[in-house]
Amino acid sequence: MLKNYPALKHILGRAGWYFVTFLVAVTINFFLPRLGDANPVNAMMAKASAGLDSASAKEKEEQYLKEFGLVQVDDQGKVEHDAQGRPVRTSLASQFFKYVGMSLRGDLGGSILQHPKRVSEIIKTALPWTLTLQLPTIIFGWFIGNILGALAAYKRGAFDKLMYPLALLASAIPAFCFGILLKYVLSIRLEWFPAAGGYDDGMMQELSRAFVASASYYYILPFFSVFLIVVGGQAIGMRSMCIYELGTDYVKYAKLLGVKENKILYYMFRNAMLPQLTGLALALGTMVGGALITEIIFSYPGLGMAILTAIEGNDYPLITGCTLLITICVLAANFSVDILVGFLDPRIRAAQQTGK
Amino acid sequence: MTETHDSAPTHGTQVLPRALFRCGRIGRALGFSLLAVLALSDCRPQKDDSGGGFPRAETFYQAGRQWGEPSSFNPLLSNPDWPVGAMNLLYETLLMYNSLTGKMEPLLAESYQALDDSVEVTINPAARWNDGKPVTAWDVTYTFELGQKYKSLNIAPIWQYLSSVKAYDESGKEAPYQANGGASYPRRVVFALNKEKKNPLVVLDALQSQRIIPRHVIEPKFAELGGSLDEFNKLKFDKDAVSSGPYKLLSYSSEKIACIRDDNYWGNAALYGGKKAAVKYMVHPIYKSNDAFSIGLQQGRLDASSTFVPRIWLKHKKGVRSWLDHEPFFLSSSIPMLLVNHKHHPADDVHMRRAMAFAINYKDIRELAVSGYSEPLKPGLILPFGLEQKFYNEEDSKKYGTWFDPELAKAELKAGGFTPVFNKDGDLVETHDKNGQKVPTMYIKSPTGWSDWESIVRIAVKSMRAVGIDARERFVDASLFWNALFEGDFDMIMNTPSSDPSPSKPWSRFEAIMTTQDFAPLGEKMYKNMGRFNDPKAPGYIPRIDELMALIPTLKDEAALLAAYRELNMIFMQQQPTLPLVYRPDAFYEFSEKHWSNMATAENPYLPPLVPGDRLGTKMLWSIKPVPQAN
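Here the protein sequences come in this chain order: L and F.
In terms of the working numbering, the first sequence is residues 367 to 722.
In terms of the working numbering, the second sequence is residues 136 to 766.
Derived by calculation from the structure, the hints in this document are not laboratory data.
Note that the structure is a prediction, hence the values are computed from the model and not measured.
Just so you know, even glycine gets a beta-carbon here, dropped at the ideal spot from N, CA and C.
Among the hints, erroneous ones may be present.
Simulated restraints, written as ranges between beta carbons of each label pair [what the hints assert, rightly or not]: (1) L:Trp-558 - F:Val-564: 55 to 65 Å; (2) L:Val-454 - F:Lys-525: 50 to 60 Å; (3) F:Gly-408 - L:Asp-441: 54 to 64 Å; (4) L:Leu-706 - F:Pro-761: 58 to 68 Å; (5) F:Gln-709 - L:Asp-441: 36 to 46 Å; (6) F:Arg-607 - L:Ile-539: 29 to 39 Å; (7) F:Gln-283 - L:Glu-446: 52 to 62 Å; (8) L:Leu-706 - F:Val-352: 51 to 61 Å; (9) F:Gln-313 - L:Ile-394: 53 to 63 Å; (10) L:Asp-448 - F:Pro-678: 32 to 42 Å.
The list that follows gives simulated cross-link-like pairs (lysine-lysine, DSSO-like), each with its CA atoms no further than 27 Å apart [as the list claims (entries may be wrong)]: (11) L:Lys-444 - F:Lys-533; (12) F:Lys-513 - F:Lys-533; (13) L:Lys-464 - F:Lys-369; (14) L:Lys-432 - F:Lys-371; (15) F:Lys-371 - F:Lys-498; (16) L:Lys-483 - F:Lys-286.
If we strip away everything but chain F, and leave its shape as in the complex, we get:
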């Protein structure tokens, strides 16, 4: 910068500002533009401005189901983006499970029948793809048969329980597939059960979780790609996808995904008496931190969320509500627990496991770690409320169960020959076994940064150490956590097995932690029973567990079923293969009624607590009403 003085300064104090004035010419320009930006931004956008944007009165905002940037809406991926995953907005299931009544409600299928050797469904004659073609039995057989061909698809494992899935026409004859089948097409599908491994429960699970895809679109695509699933998985299905649901994908970005109502949805006439859904735009904003959900609900920017909002009672005055207006606020369906490694000492000792189960302060966990969002914990693996309550037996719980009682914990330790060594301050130093040897410290793994789990683990460790059990927390990087979980690289580890409410509960919860199927040694992956409980090749194997696991799905007689569950739960309580800690909903359900009213609640339980669009919660889109806004 050259200096050109037009006048000599009289004294120094004025010089620098002058110099700066010159230097600052750019700065000044920048300053002005900054002001301009601020001025521009001061004209706050009108909410219902016609210049772009979704009208608030027709838009429902929900969050918490999509965390990362949207990448693909391919219905065959294991984790497609919202709303392809758990939602019935684009692709639909045959049936929907009502976790309040235990009944299956019709969707693509108008009816179903569980027979001795098969499960049959009949497709609703009105069901249509959004390109006008009918939904046929062939679409269903194709969807399931893909799982037979491609073992990595989510639907593949069902084939260990099925022998065939076939389409039948009105006359009861098997109907082979005809592309462009014309006016007549089969509507009856028969799922024939595998005779060796009869399990209608998992088939029912699949009927309410597997979304049906359009054969006339998908099959030619596969043919084009030479049948390669790798290539197929690269398709994003983000434009003009053919689906049967009440909404279509409108647009998406890294901040949100938006769907628009399909006014020609077949179900309007067939399922909802000719009514359209009240919501025209379903929008899912993608937030990056947990507090954004709670603030969004409080400010009425969000209508529903399925995230953990701590201390929800403090947000009641801002209109944030949940299933219940009082403790436990939510309807639980799963049990977060500590999986115990049965191949590691000393947790392989039943006395040690029971001692731990008596030692943990469950009340502290419920009140401090999860904001009281849980019914008080009862012994066993059966939920003592809701649909599972009929299988729960209070007498057995008192007789065989465990609960927070430090004295009983100490007694169990003593019975197992364990002696804790405390220092002068009363802190645990180590634990000795019956031979006087120090037993290894048991580390409890949990992913770093999962704050609710971290608090749970801290409370568990504190209460175990208080009675003399040498346990410590070990928070690990999430990527290492999963490997440790599957390969059995842990002493104890946090996990919520089989968390979704489904027709197969509570059987599938028992199965997830007690099955001996595909038993693998430590270091190899197991996706169920990761604690390696009840090794069929080891001494002490309890064959009765496997018998009961195979028996329960086939039982039709209520009394026999009650007896079988009672026995299984009793074995669980006696063996304590894992340490249940608290109850928790599969997905949280919070909402604000600032813009939409008549959401389902415990007082108005016309639907289970699912955000609109989620499985059976889809029906709520026809029942909620826009709230007139004073403006």
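Chain L extracted, bound-state conformation:
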């Protein structure tokens, strides 16, 4: 039935595969953090057990284990014990099914380390910051980087000689190094910009002009610490793609045919753009993971830190919640590129329409 609609067939086929990938990813996301020997309750007990005697400490530990669904509970809500008097751990499989059931209802569970907070609450407060930091850096960085790269490839000469090493330098500097450097010079030495935080310490998050002004001021350094690196990377990629395209047969052939120069350049630019576009989509997909290093250097709010602390403390529900979000975003971004490239690239479109 779909024979007459090859594009739709292609999209549905891809969607099917992405769904399978999603299921596998969710399963791995669930089991991977839980495979280790560590137990999140131990870290909590380290703080909570100060001054407790063994009986109280045991009671407290069981209360935590029960709270987080890590032990079997009988009908009266009491923790079940084995012959040695140790609490019976809930099997991974039954934890998994419980997790899938909850996720389908849109419940990501409660965080362990930030008990009694819900995972969705944590994501909801951190995500806007992450997106505000990441989205503009990636989009602006991508556009500006590509324009610079194309210009350098085409113009050559002094512009290229200046731009290329600078772009190389920008893309080669590790993000943490660059961030620390910016912070040291501009906020510690010169005190032009604030060194830490997302907005003034004397304010609370609210929608007011003063707050927006403060947040924008605090935004500048974290923004540039990522932005320049993205620009550098994109410029280098685009430059070499353009140089490659300038030397291809179709360009030479078109030139011999006497095709107008700007038409050739337009084709060339379109071709050079394709891999960059894929890169953009991937970057947009992974961006919800947060700019961890920037967040740490500038004590900037965001998801990256939440994920790091969750992993360090084996906060399973929070890890799984965040990885679920990342999985969905990466797959969605990839899926859209898959479809989009089909429309943009005639070669791929042809392959899709012939069925393989």
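Following the hints, position chain F against chain L.
Relative to chain L, chain F alone:
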């Protein structure tokens, strides 16, 4: 994108920019908006802008007590968020301990008495909850009795030392609880000591650490929830909570927690001569990296911090100060040490333990690992300065103690029959015991990324290997570290036992590493004496330690107390059950006087080094003064 050329290009060089111009139309728009963002952000917000924000002259910024995102202000949690935990800002303790004088100072309780069989406190008649209800003896009995009912509460363990907590009225009669008790209510609370396990010290500890909660609010909540602690623990207490302290929670986010002064605080009239606290807003920013604290102090954005700021003397010119202006800069109250596993060979051998204690270069640890923030280490488990100094005996230290001396370390090894094997380059290969067998390498565990502990362990390993002790560092993930610590899965492990200054020191420090109570085999959890020293069922058990541990809390006679501590410390030095490494404050105390002056210091020691709001440090909020800002 379709191409529409309005004019044919004359030569190629102009074509691409044109194409780009088209492509870049969006880019240009984005570029402009970027500029707009920058332009907007260029108007730097005025610090004292009336449009939102806390006025700097009335705000005190402190940091280092809250690391993660705030999640709950429930006073019954084991680790509630700042300022519910160690602070007296919202909920208050009965008494406050002064670690400089050793005295208990009044707060909710106006007085206390330690008797032979009981400890009695009398509640200040002026004490009020912020809803206007009086703080009564029933609030105190309820707070403690919750620990009897729910074994997982922090207050629960006190019940092994108590037989009852009861309220008495003026006439000396026991006063049973009456909800809505009216104008007359009991103010006297009697903590009856458990006769089998008499220990007034831990009761005094609890009086200055347990925060009293309002019975008339908490009890109905429990009733509503069917008495379930699990359900109760889910309550966040982040709105209109009833507490007795001088501040109220104002708001919180993942970046900060803010409290506002309660101008009707009962203590203003009763404790501070009618004065209000100088600080209107107490704000705790939550930073993610250690350097943020030091920069915040240097730039005057933070007023006080309790974090490790390395090489503080370099920050003096930027106005960052601490308790002392010279080494050791801070007032120590705890001893980070290596716990030794007495169930593992060769650390079960006293010669090996003493050899290690002689081998470690304590001076290097003090100077290189902790920025010199420590008095020179003396043998034993008693601090040779401050309040504990009177129990310290220099003569015993010389006779029984250990200190850095590689030759003595080698002599101890020899005495224990251990022979180190070095290679041609002089590096240690292995150590042999008296039967010529290779002894297992001893691994020292410490959490990955705790950089000061990592440097301490590296120095310890280097100095042990130099004399021929086969030790190695093993840095483990923090989550695995804690399990290893409690279950005894280590040869040696870093730990700071019982670190807070409290009335029970130094007894509670000895108890934390030498008690045989709840002795458990390796693999089962022990929360004290994790090294499994002095197993009561094993040969070589020293019953005298347990006798002294039980005796000391009951001693009233100063001479007898001195003698008992002297004997206990002597046993510690002879047995060397753990390896003390350096001294360290319980909480660091750094501050900047850019915005607030008259902070307590060693020259002006009107209060111990605690950040304002922390336990007795709360009083500082009435003594500090805003510094007029030139603007």
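Comparing the hints with the structure gives:
| no. | hint | in the structure |
| --- | --- | --- |
| 1 | L:Trp-558 - F:Val-564: 55 to 65 Å | 57 Å, holds |
| 2 | L:Val-454 - F:Lys-525: 50 to 60 Å | 52 Å, holds |
| 3 | F:Gly-408 - L:Asp-441: 54 to 64 Å | 60 Å, holds |
| 4 | L:Leu-706 - F:Pro-761: 58 to 68 Å | 60 Å, holds |
| 5 | F:Gln-709 - L:Asp-441: 36 to 46 Å | 55 Å, violated |
| 6 | F:Arg-607 - L:Ile-539: 29 to 39 Å | 36 Å, holds |
| 7 | F:Gln-283 - L:Glu-446: 52 to 62 Å | 25 Å, violated |
| 8 | L:Leu-706 - F:Val-352: 51 to 61 Å | 59 Å, holds |
| 9 | F:Gln-313 - L:Ile-394: 53 to 63 Å | 60 Å, holds |
| 10 | L:Asp-448 - F:Pro-678: 32 to 42 Å | 35 Å, holds |
| 11 | L:Lys-444 - F:Lys-533 | 56 Å, violated |
| 12 | F:Lys-513 - F:Lys-533 | 10 Å, holds |
| 13 | L:Lys-464 - F:Lys-369 | 21 Å, holds |
| 14 | L:Lys-432 - F:Lys-371 | 19 Å, holds |
| 15 | F:Lys-371 - F:Lys-498 | 47 Å, violated |
| 16 | L:Lys-483 - F:Lys-286 | 23 Å, holds |
When each numbered hint is compared with the structure, violations occur for hints 5, 7, 11, 15.
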